Amino acid sequence: MSPLRAVLSGDPPRTPALATILAAILFGLAFAPFLFPGTAALNVSAKICYFVVLAASYDLLLGYTGIVSFAHTMFFGIGGYGAGLALYSFGPSWSAILVGTLAALVLAVALALIVSLFSLRVRALFFAMITLAVASAFSILASQLSSFTGGEDGRTFRLPETLRPSFHLLTEPFAVNGRILAYYLVFFAALILFLLMLRVVNSPFGRVLQAIRENEFRAEALGYRIVVYRSLASCLAAAAAALAGVLSALWLRYTGPAVTLSFDIMLDILLMVVIGGMGTLYGAVIGATLFVLAESYLQNLMAMVSQATAQVPLVSLIFHPDRWLLWLGVLFVLSVYFFPTGIAGRLMTKR
Amino acid sequence: MSDVAAKPGEAPAAAPADKAPAKPALPARRRDLAPLLLLPVLALVALPLVGSLSTWATLTLSGLAMGMIIFIIASGLTLVFGLMNVLNFGHGAFISVGAYAAAVLAPALTGLMRADALALNLVALLALIALAMAVTAVIGYAFERAIIMPVYGQHLKQILVTVGGLIVAEQLIVAVFGPVQIPLLLPAAFRGSVIFGDVAIERYRLIAVVVGLAIFIAMLLVLNRTRIGLLIRAGVENGEMVEALGYHIRRLFVGVFMAGSALAGLGGVMWGFYREQLTPGMGMDVMVLVFIVVVIGGLGSVGGCFIGSLLVAVMANYTGFLAPKLALGSNILLMAAILLWRSRGLYPVTQR
Numbered sequence: 001m002s003p004l005r006a007v008l009s010g011d012p013p014r015t016p017a018l019a020t021i022l023a024a025i026l027f028g029l030a031f032a033p034f035l036f037p038g039t040a041a042l043n044v045s046a047k048i049c050y051f052v053v054l055a056a057s058y059d060l061l062l063g064y065t066g067i068v069s070f071a072h073t074m075f076f077g078i079g080g081y082g083a084g085l086a087l088y089s090f091g092p093s094w095s096a097i098l099v100g101t102l103a104a105l106v107l108a109v110a111l112a113l114i115v116s117l118f119s120l121r122v123r124a125l126f127f128a129m130i131t132l133a134v135a136s137a138f139s140i141l142a143s144q145l146s147s148f149t150g151g152e153d154g155r156t157f158r159l160p161e162t163l164r165p166s167f168h169l170l171t172e173p174f175a176v177n178g179r180i181l182a183y184y185l186v187f188f189a190a191l192i193l194f195l196l197m198l199r200v201v202n203s204p205f206g207r208v209l210q211a212i213r214e215n216e217f218r219a220e221a222l223g224y225r226i227v228v229y230r231s232l233a234s235c236l237a238a239a240a241a242a243l244a245g246v247l248s249a250l251w252l253r254y255t256g257p258a259v260t261l262s263f264d265i266m267l268d269i270l271l272m273v274v275i276g277g278m279g280t281l282y283g284a285v286i287g288a289t290l291f292v293l294a295e296s297y298l299q300n301l302m303a304m305v306s307q308a309t310a311q312v313p314l315v316s317l318i319f320h321p322d323r324w325l326l327w328l329g330v331l332f333v334l335s336v337y338f339f340p341t342g343i344a345g346r347l348m349t350k351r
Numbered sequence: 001m002s003d004v005a006a007k008p009g010e011a012p013a014a015a016p017a018d019k020a021p022a023k024p025a026l027p028a029r030r031r032d033l034a035p036l037l038l039l040p041v042l043a044l045v046a047l048p049l050v051g052s053l054s055t056w057a058t059l060t061l062s063g064l065a066m067g068m069i070i071f072i073i074a075s076g077l078t079l080v081f082g083l084m085n086v087l088n089f090g091h092g093a094f095i096s097v098g099a100y101a102a103a104v105l106a107p108a109l110t111g112l113m114r115a116d117a118l119a120l121n122l123v124a125l126l127a128l129i130a131l132a133m134a135v136t137a138v139i140g141y142a143f144e145r146a147i148i149m150p151v152y153g154q155h156l157k158q159i160l161v162t163v164g165g166l167i168v169a170e171q172l173i174v175a176v177f178g179p180v181q182i183p184l185l186l187p188a189a190f191r192g193s194v195i196f197g198d199v200a201i202e203r204y205r206l207i208a209v210v211v212g213l214a215i216f217i218a219m220l221l222v223l224n225r226t227r228i229g230l231l232i233r234a235g236v237e238n239g240e241m242v243e244a245l246g247y248h249i250r251r252l253f254v255g256v257f258m259a260g261s262a263l264a265g266l267g268g269v270m271w272g273f274y275r276e277q278l279t280p281g282m283g284m285d286v287m288v289l290v291f292i293v294v295v296i297g298g299l300g301s302v303g304g305c306f307i308g309s310l311l312v313a314v315m316a317n318y319t320g321f322l323a324p325k326l327a328l329g330s331n332i333l334l335m336a337a338i339l340l341w342r343s344r345g346l347y348p349v350t351q352r
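Listed in order, the protein sequences are those of chains A and B. With the first letter of the first sequence counted as 1, position 152 gets the number 152 in our numbering; the numbers rise by one all the way through. With the first letter of the second sequence counted as 1, position 225 gets the number 225 in our numbering; the numbers rise by one all the way through.
Derived from the structure by calculation, the hints contain no laboratory data. These numbers were taken from a predicted model, which means no experiment stands behind them. Do not take every clue at face value.
[To be verified] Part of the chain A face toward chain B, derived, beta carbon under 10 Å:
id, residue
1, Ile-67
2, Met-129
3, Ala-135
4, Asp-264
5, Thr-309
6, Arg-323
7, Leu-331
Glycine included, C-beta positions come from ideal geometry on N, C-alpha and C.
My request is simple: use the sequences and hints to build the entire structure.
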């Protein structure tokens with residue numbers, strides 16, 4: 001097995017088209033600070049990085065195990081609050097990040113275990129509703145405990161010195177400051193987490209998850225205890241989502257309900273995974289990239305089209321910049337019907 | 001054998017009905033009364049904790065009224081799930097649409113709404129409700145045809161597609177009405193409170209109780225005393241069998257889905273008047289509560305949904321008074337407790 005195949009856990013993108021797109025995304029993200037100057041572009045790149053992890057961890061549940069959870073933002077939020085509140089209360093140090101991350105991981109896995117044991121025992125449908133209820137209770141809790149979490153305003157905190165913009169590692173031949181170091185921390189952590197998840201879904205454990213997705217009864221008849229496997233998958237996904245939350249907190253230097261816990265983010269993740277392609281982690285990469293790019297740039301593009309067609313009444317209304325989520329929603333519904341495997345699945349089928 | 005095969009049409013007529021031995025009476029349906037006791041028990045437990053009788057009565061009554069509104073919203077969801085095995089996450093959109101439909105018509109009825117006569121106000125309210133229900137029923141028809149029909153029997157896709165429908169519907173409301181809050185003011189006669197001794201109850205909550213009870217009784221009557229209700233209940237038990245008996249179950253599905261949507265629209269109007277302001281996301285906000293209610297009641301059960309709504313609302317009121325910090329988690333705790341007792345909800349619908 002070639003080293004590249006080994007890194008990709010023997011599951012490389014199967015067609016040249018998909019491989020090219022993924023390589024382009026990887027290349028763009030790896031050299032983002034030098035390719036796309038400006039803070040806005042770097043923000044978008046970092047956001048893509050941690051949303052790739054978040055969407056991939058959600059795909060572990062939705063695409064590989066076939067269970068719908070609406071509590072994924074809760075775990076994302078636990079990670080964000082874990083790192084953020086630790087940095088806020090213990091001051092900017094690496095040990096604070098470590099403590100916060102560990103605490104968040106423990107809490108996320110424990111909560112995921114409790115929720116799964118409660119609801120996966122009965123039927124997968126219950127899981128969707130119960131996770132929705134638990135997640136909303138958690139987000140209300142987070143904004144209620146305002147003395148601890150900062151309430152609706154959230155918490156702003158400082159990072160360790162090496163990650164601050166004022167820190168300069170290099171000035172020649174190109175400037176590398178703390179912000180760029182922080183970006184690469186997010187990038188490599190996201191890359192490693194993604195490859196780990198790829199390892200998980202291509203392990204025997206991942207195969208069992210897919211077997212459960214395809215046919216629950218048959219998997220059970222073969223002797224696999226589906227509740228155990230589903231709960232484990234749910235815990236793994238929760239842990240990965242919490243780590244994505246840590247990365248987001250490190251990048252944003254802020255944590256609050258609007259950026260981690262809100263139901264809108266849950267819908268965003270759903271859009272990413274389904275449009276990108278369920279059941280393949282590469283789909284999560286494409287979905288997250290596409291969505292974050294659309295969120296950041298599509299509105300500008302639509303505003304331009306809308307202005308250019310201001311004379312044509314209906315067209316300018318359709319391309320109104322606030323309508324971008326509407327069109328993504330329509331795309332979502334259409335892709336569930338017509339491209340159930342999403343963009344990645346479409347690109348993977350050889351003709 | 002050959003006789004019957006030759007003249008199948010006459011077979012029922014030829015059966016000697018009068019000579020058949022008297023059928024043994026069917027065993028009486030097993031009645032499960034334990035969940036009915038939950039609410040009185042909860043209220044009695046709360047009484048000494050609250051301490052004052054008038055406070056307790058106020059809390060209980062306003063909780064019951066709130067529970068009625070939740071029931072109206074949730075009943076449509078549970079009915080649709082029971083018959084069609086479709087969990088409609090887009091139900092929240094119908095709540096918003098119903099409320100917005102009422103807000104569109106409301107300015108036209110300003111005269112009736114501001115009039116100082118109860119009858120005129122009632123006419124206005126009924127007109128708004130009728131319009132909202134009609135609009136949501138029509139949209140429900142389109143929703144069923146376009147969004148849900150292709151994914152019958154596939155739960156994962158149903159959840160995804162109905163969530164997609166929810167996103168699109170919410171964004172359409174934003175596109176038409178803007179993302180800001182829209183006021184929906186109560187008619188004049190429904191403002192203020194009625195006072196019985198020490199107990200003050202908002203008038204609007206009384207209206208909610210009347211409407212909620214009317215809907216509940218109407219649903220029970222339709223489901224248990226009419227032919228349509230018989231078919232629906234049979235369809236819940238075994239849809240294929242109903243189809244094999246020659247009934248067009250798809251048509252029944254559409255009808256029930258429209259009814260469920262109309263109920264969501266009605267709930268939306270009630271909920272909108274309760275909040276007196278509308279936001280595009282209002283339906284989704286209340287859906288969390290609705291799902292908790294439906295899970296507590298047992299997916300697909302109307303009676304369970306009724307008990308669940310009242311329990312959740314009353315429980316929220318008591319905890320809000322006794323331990324405000326806990327109030328927001330009370331629903332989850334209640335749900336956890338009920339699921340520990342009956343893991344499929346109070347009245348689980350069979351076979352599912």
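Comparing the hints with the structure gives:
With its C-beta approaching chain B no nearer than about 8 Å, Ile-67 of chain A sits inside the 10 Å limit, and its interface hint holds. Taking 10 Å as the C-beta cut-off, the interface hint given for Met-129 of chain A holds, the closest approach to chain B being about 4 Å. Here the hint on Ala-135 of chain A is kept, as its CB sits about 9 Å from the closest CB of chain B, short of 10 Å. Because the smallest distance between the Cβ of Asp-264 of chain A and any Cβ of chain B comes to about 9 Å, under 10 Å, the interface hint for this residue holds.
A distance limit of 10 Å between C-beta atoms decides the matter here; for Thr-309 of chain A the minimum to chain B is near 17 Å, and the interface restraint is violated. The beta carbon of Arg-323 of chain A is positioned within 10 Å of a beta carbon in chain B (closest approach about 6 Å), and the interface hint is therefore held. With its C-beta approaching chain B no nearer than about 9 Å, Leu-331 of chain A sits inside the 10 Å limit, and its interface hint holds.
Figure legend: structure checked against the earlier numbered hints; the only hint not met is number 5.
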